[in-house]
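> Residue numbers (numbering that gives the first Met the number 0), protein chains in the order written: chain A, 0 to 344; chain B, 0 to 575.
Everything labelled a hint here was simulated from the structure, so no lab data went into it. This structure is a prediction, so every number in the text was calculated from the model and none was measured. For glycine and all other residues, C-beta sits at the position ideal for the given N, C-alpha and C. Just so you know, not all the hints are guaranteed correct.
[Claimed, not checked] Listed below are the simulated BS3-like cross-link pairs for lysine-lysine, each with C-alpha atoms no more than 30 Å apart in a straight line:
| no. | chain 1 | residue 1 | chain 2 | residue 2 |
| --- | --- | --- | --- | --- |
| 1 | B | K524 | A | K108 |
| 2 | A | K123 | A | K108 |
| 3 | B | K524 | A | K50 |
| 4 | A | K295 | B | K261 |
| 5 | A | K329 | A | K242 |
| 6 | A | K242 | A | K309 |
| 7 | A | K36 | B | K261 |
| 8 | A | K309 | A | K57 |
| 9 | A | K268 | B | K524 |
| 10 | A | K169 | A | K242 |
| 11 | B | K261 | A | K268 |
| 12 | A | K89 | B | K335 |
| 13 | B | K261 | A | K329 |
| 14 | A | K50 | A | K268 |
| 15 | B | K261 | A | K242 |
| 16 | A | K123 | A | K312 |
| 17 | A | K295 | A | K318 |
| 18 | A | K50 | A | K321 |
| 19 | A | K50 | B | K335 |
| 20 | A | K61 | B | K335 |
| 21 | B | K524 | A | K40 |
| 22 | A | K169 | A | K312 |
| 23 | A | K89 | B | K261 |
| 24 | B | K524 | A | K57 |
| 25 | A | K36 | A | K89 |
| 26 | A | K335 | B | K261 |
| 27 | A | K108 | B | K335 |
| 28 | A | K123 | A | K309 |
| 29 | B | K335 | A | K295 |
| 30 | B | K524 | A | K335 |
| 31 | A | K160 | A | K321 |
| 32 | A | K343 | B | K261 |
| 33 | A | K89 | A | K335 |
| 34 | A | K295 | A | K321 |
| 35 | A | K50 | A | K242 |
[Claimed, not checked] One side only, chain B facing chain A, incomplete, derived with CB under 10 Å:
| no. | residue |
| --- | --- |
| 36 | V341 |
| 37 | F358 |
| 38 | I517 |
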Amino acid sequence: MISRRIVICAIFLCGTSAALAQSPTYAITPELEDAAKREGKLVYYTSIEVKVAEELAKAFEKRYPGIDVVVERNGAERQFSKIGQEYSSKIYNVDVVNSSDAAHFIFWKREGWLAAALPEEVAKRYPAGTFDPEGYYAAMRSSLSVMAYNTTLVPAAEAPKSFSELLEPKWRGKLVKAHPGYSGTILTATFQMARDLGWEYFEKLATQQVMQTQSSTDPPRKVIAGERPVMVDGNEYNVFLEKERGAPIEVIYPSEGTPLVVGPTGVMKNARNPNAARLFHAWSFTLEAQQVAVEKGGLRSFHPDIVEPKGRKPLAEIKLMKDDPVAVDKQVEDIKRRYVRYFKT
Amino acid sequence: MTLTPAQTSGYLADKRTSSGFDLSAGVLGAVGLFLAGLIGLPLAWLAAFAFTNRQGALTLANFVDLIDDPDLFEPLLTTFNLAGLVAFFAALSAAPLAWLVARTDLPGRRAIRSLVTASFVTPPFLGAISWEILAAPNSGILNRLWREASGSNEALFNIYSFSGLVFVIACYTAPYVFVVLTNALDRIPADLEDAAGILGASRWRIVSSVTLPLVLPALLAGALVAFLQAMTLFGSPAILAIPAGFHTITTKIYALFQFPPKPEIAAAAALPLLLVTMLLLFLQGRILGRRGYAVVGGKAGDVRLLSLGAWRWPLFAVVMLVLALPLFLPYGALLKAAVSRVPAGPFDLANLTLHHVNFVFLDFSQTRRAFANTFILALATASAGTLLALFIAYMVARQGGFGGKLLEALASAPLAIPGIVLGVGLFLAYTRGPIVLYGTLWILFFAFLTIELPAAYQQMRAAFRGLHPELEEASRILGATRLVTLRRITAPLLKSGVIAGWCLIFIGVVRELSAAVILSSQNTKVLSVVIFDLNESGDLGAIAVIGVTMLLLTFAIIGFANWISGVGAEPRRAVS
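Bound conformation, chain A alone (with noise of 0.2 Å):
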């Protein structure tokens, strides 16, 4: 047994020694496979939708078998707080993990916890800015937090256009949106909001009485219950592939802009399950897995050679707000008690 431990880390030393010395970047070779699949598993915590999740999961584990995925999902925020839970106690459950809180990788890769691994398919093809040049995250995914409303409660043309008109009188009691203390997506949204609309904007919004939902899947689907008509904030893929399925619910890209949020993935340093962390890390990037993400998930992608869906606007053709993690992650406790001052929850 042991002997045969000794063996299995000569191969991966011999496999992957010498490039890691160097650079960050891998690429997936039969050597790494092997290795992958001689650990038989990973561990994925992630905050994309459950869903979606095991769609890429079940896309994975069908091109190596052998490799088990598995999956926990949780929002962004309560993630992020498991890992600080576990790592502080010195558990190291996590393989491999995608937030919808970029900010979180600033923290992470402080703190030391994340392992330098580059997949050589985004140090080569990915645009600039989307992944960390010294490998320990890259953009897997983004997402916009956009608002919507329900085609069948409200007529288009008197949809609302903006986040400014949503503080006129008749959208009181009609406005659903989820908690930044909860959703990595929310808050990167409200930090992009208040930066670009100031807080005055959301002192204002709370007097809509608007109601509160944790998760930023929720909103879409409060929409089309009906429970209400219009929601602020919430993700665009729900909204996609609900609308896709038939549901009454169509995107509004407010003219102040959109919050773009990024979810990055990176490898633990403790991971368990290196090689196999590192293979699912890569594969998650490929054309492949990215057009799951695209067609299945109703994300978007920064690889270069992504097909979009019909029916959807192309991000190059969207106003986006910029996306500022750095700035995020040194502001997250002041945003969570502003809007909770503001929101009383």
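Chain A is already provided as a structure; the job is to place chain B on it using the hints.
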């Protein structure tokens, strides 16, 4: 427990305050130590956090923060308010129901008992989610029907409100009161009531001046449990209070554990709950302590049912209406959501789908493991917890003394600790040496055992209290050894209580969310946590499928346990 007749000399003199040399101090000490460790370790960690600052120096600053910060103080007041109202309404609705079922000739009494058990089995968070489907102000089924029927634009009910929360929690706490009360009512012999009747009292006079005072301790005990349940509940407030825009102390404590966690403030926030609980338990003891309530003696007559006459069927209809609130309506909503595209959508074929069923049983990787974990934990905790509670109750009821008092205090202490706080205490205790249990089912087992112990102990204590020692004494006088007496007299009489206690723990484990949400990890997820996660992202269809399956399994197991208890016992003792 090896005993010699000589050891029982003091026993016959007084059932409560016997001399201390009876049972071997060793066993008492061992159980005491185990309990002290089980409960003390997580509490010690919490205390350490509540009274120190980040640097480890002693401080009261955390409590000052608690009082100073309106974000923290308001939830505390809200919580006490909530718990008081819940206890009041739970007692108000459960007391008449229990009396009707146990002491009158109401039609379908046994069926009603089973139905109340069903509402007891329903986890409060599942009830809260079902009521969201029913009574969300705009999309809720009831509100939609109301609008169609009345032409009004207003909602009939808004479940996202303080009163909505009180209502939902009371729905699922009232069964506690009901179970405690029916058990007590079942045990009151008719001879006392007959005596009053012979002396010329009217039916209602008998109820008010004989029956009611006799069950008053049970009513108080039930209301107290309801209060404590409501105070420490986490799931329902998390589901309903956040959309409504307010916090209870448990949701606030949960928020304080979000990263970066502030366990010191959370620990401080838990202390008022601990103090209030201790005060209530003390008051209960003062009120009840001086009265003797042992009513099942060797001479007991039969229970006589009061005839309702013309009121039978109207009252039956009222009872059914009451049961619609925790049962028929929510279950209808869940079944509908399980097979609907839009959970609260219209009742038509276009809205019908098997998508959620397929997702839960085929695609969702957590389903099978969560089911296995939940039921393994429930069986293990129920069995171990019953034995432990039985032992403690026996020691306290038949031994008393200082050791017994201490055991009783230890067994009741977890009542005062919100599950979420206990969860954090356990996390702190068992994630660092020497015992590392996080990531295993053991940590959940200990958490559930601790949380369920008080209820199980109360159940066993009630069983022992209602059982007059004269039966055991008779057996002893006739020459049976204490062990034989235990086996042939005490055990059979306690059987229904023991099975009830087992079921109580089993159901409690399936319902538990607040500690599980902190302690479970990806291999040890239980159903409640899976449902909570799915609710966070609004996946009502999948929740409905899992919830309904979980309830069916629970009913099957509870039914089986009751069937076992029914074999060889007279039907009147069947546990409800």
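> Now look at each hint and say whether the structure bears it out.
Each hint, compared with the structure:
1. Proposed proximity of K524 (chain B) and K108 (chain A) is supported: the alpha carbons are some 28 Å apart, at most 30 Å.
2. Between K123 (chain A) and K108 (chain A) the CA atoms are separated by roughly 22 Å; this keeps the pair inside 30 Å, and the hint holds.
3. The straight-line distance between the Cα atoms of K524 (chain B) and K50 (chain A) is roughly 18 Å, inside the 30 Å bound, and the hint therefore holds.
4. The suggested pairing of K295 (chain A) with K261 (chain B) is violated, with an alpha-carbon distance near 39 Å, which exceeds 30 Å.
5. At most 30 Å may separate the alpha-carbon atoms for a hinted pair to count; K329 (chain A) and K242 (chain A) exceed this at roughly 36 Å.
6. Under the criterion of a C-alpha separation no larger than 30 Å, the hint pairing K242 (chain A) with K309 (chain A) is consistent with the structure, at around 12 Å.
7. Between K36 (chain A) and K261 (chain B), the direct Cα distance comes to roughly 41 Å. Violation of the 30 Å bound is thereby established for this hinted pair.
8. Simply put, K309 (chain A) and K57 (chain A) have alpha-carbon atoms about 24 Å apart, close enough for the 30 Å limit, and the pair holds.
9. Between K268 (chain A) and K524 (chain B), the direct Cα distance comes to roughly 25 Å. Compliance with the 30 Å bound is thereby established for this hinted pair.
10. A distance of roughly 25 Å separates the Cα atoms of K169 (chain A) and K242 (chain A); the hinted pair therefore holds under the 30 Å criterion.
11. About 26 Å separates the Cα atoms of K261 (chain B) and K268 (chain A), which keeps this hinted pair within 30 Å; it holds.
12. Taking the CA atoms of K89 (chain A) and K335 (chain B), the gap is about 44 Å. The hint is violated against a cut of 30 Å.
13. With a C-alpha separation of about 18 Å, the suggested pairing of K261 (chain B) with K329 (chain A) holds against the 30 Å cut-off.
14. Only pairs whose Cα atoms come within 30 Å are accepted, and K50 (chain A) paired with K268 (chain A) is accepted, the gap being roughly 27 Å.
15. Of the pairs offered as hints, the one joining K261 (chain B) and K242 (chain A) is violated, with about 41 Å between alpha carbons and a cut-off of 30 Å exceeded.
16. Taken as a hint, the K123 (chain A) and K312 (chain A) pair is honoured in the structure, with Cα atoms around 26 Å apart against an allowance of 30 Å.
17. Proposed proximity of K295 (chain A) and K318 (chain A) is supported: the alpha carbons are some 24 Å apart, at most 30 Å.
18. With a C-alpha separation of about 28 Å, the suggested pairing of K50 (chain A) with K321 (chain A) holds against the 30 Å cut-off.
19. At most 30 Å may separate the alpha-carbon atoms for a hinted pair to count; K50 (chain A) and K335 (chain B) meet this at roughly 21 Å.
20. At roughly 34 Å between alpha-carbon atoms, K61 (chain A) and K335 (chain B) are farther apart than 30 Å, so this suggested pair is violated.
21. Restraint check for K524 (chain B) and K40 (chain A): the C-alpha separation of about 18 Å stays at or below 30 Å, so the hint holds.
22. Our distance criterion of 30 Å between C-alpha atoms is met by K169 (chain A) and K312 (chain A), whose separation comes to about 28 Å.
23. Straight-line distance between C-alpha atoms of K89 (chain A) and K261 (chain B) comes to about 19 Å, which keeps the hinted pair within the 30 Å bound.
24. Of the supplied pair hints, the one linking K524 (chain B) and K57 (chain A) holds, its CA atoms being roughly 21 Å apart against a limit of 30 Å.
25. Between the alpha carbons of K36 (chain A) and K89 (chain A) the distance comes to roughly 26 Å, so the proposed pair stays at or under 30 Å and holds.
26. With a C-alpha separation of about 14 Å, the suggested pairing of K335 (chain A) with K261 (chain B) holds against the 30 Å cut-off.
27. At most 30 Å may separate the alpha-carbon atoms for a hinted pair to count; K108 (chain A) and K335 (chain B) exceed this at roughly 46 Å.
28. Simply put, K123 (chain A) and K309 (chain A) have alpha-carbon atoms about 28 Å apart, close enough for the 30 Å limit, and the pair holds.
29. Proximity of K335 (chain B) to K295 (chain A) is assessed by CA-CA distance (about 26 Å); at most 30 Å being required, the pair is judged to hold.
30. Using a Cα cut-off of 30 Å, the hinted pair K524 (chain B) and K335 (chain A) holds, with the two alpha carbons roughly 28 Å apart.
31. With a C-alpha separation of about 19 Å, the suggested pair K160 (chain A) and K321 (chain A) falls inside the 30 Å cut-off, and the hint holds.
32. This hinted pair checks out: K343 (chain A) and K261 (chain B) have alpha carbons roughly 19 Å apart, not beyond 30 Å.
33. With a C-alpha separation of about 27 Å, the suggested pair K89 (chain A) and K335 (chain A) falls inside the 30 Å cut-off, and the hint holds.
34. Among the hinted pairs, K295 (chain A) with K321 (chain A) is consistent with the structure: their alpha-carbon atoms are about 26 Å apart, no more than 30 Å.
35. With a CA separation close to 16 Å, the supplied pair K50 (chain A) and K242 (chain A) stays within the 30 Å bound.
36. Evaluation of the V341 (chain B) hint against chain A yields a held restraint, the C-beta minimum of about 6 Å falling below 10 Å.
37. Among the interface hints, the one on F358 (chain B) holds; its C-beta lies about 7 Å from the nearest C-beta in chain A, closer than the 10 Å criterion.
38. Because the smallest distance between the Cβ of I517 (chain B) and any Cβ of chain A comes to about 8 Å, under 10 Å, the interface hint for this residue holds.
Comparing the model with each numbered hint stated earlier shows that hints 4, 5, 7, 12, 15, 20, 27 do not hold.
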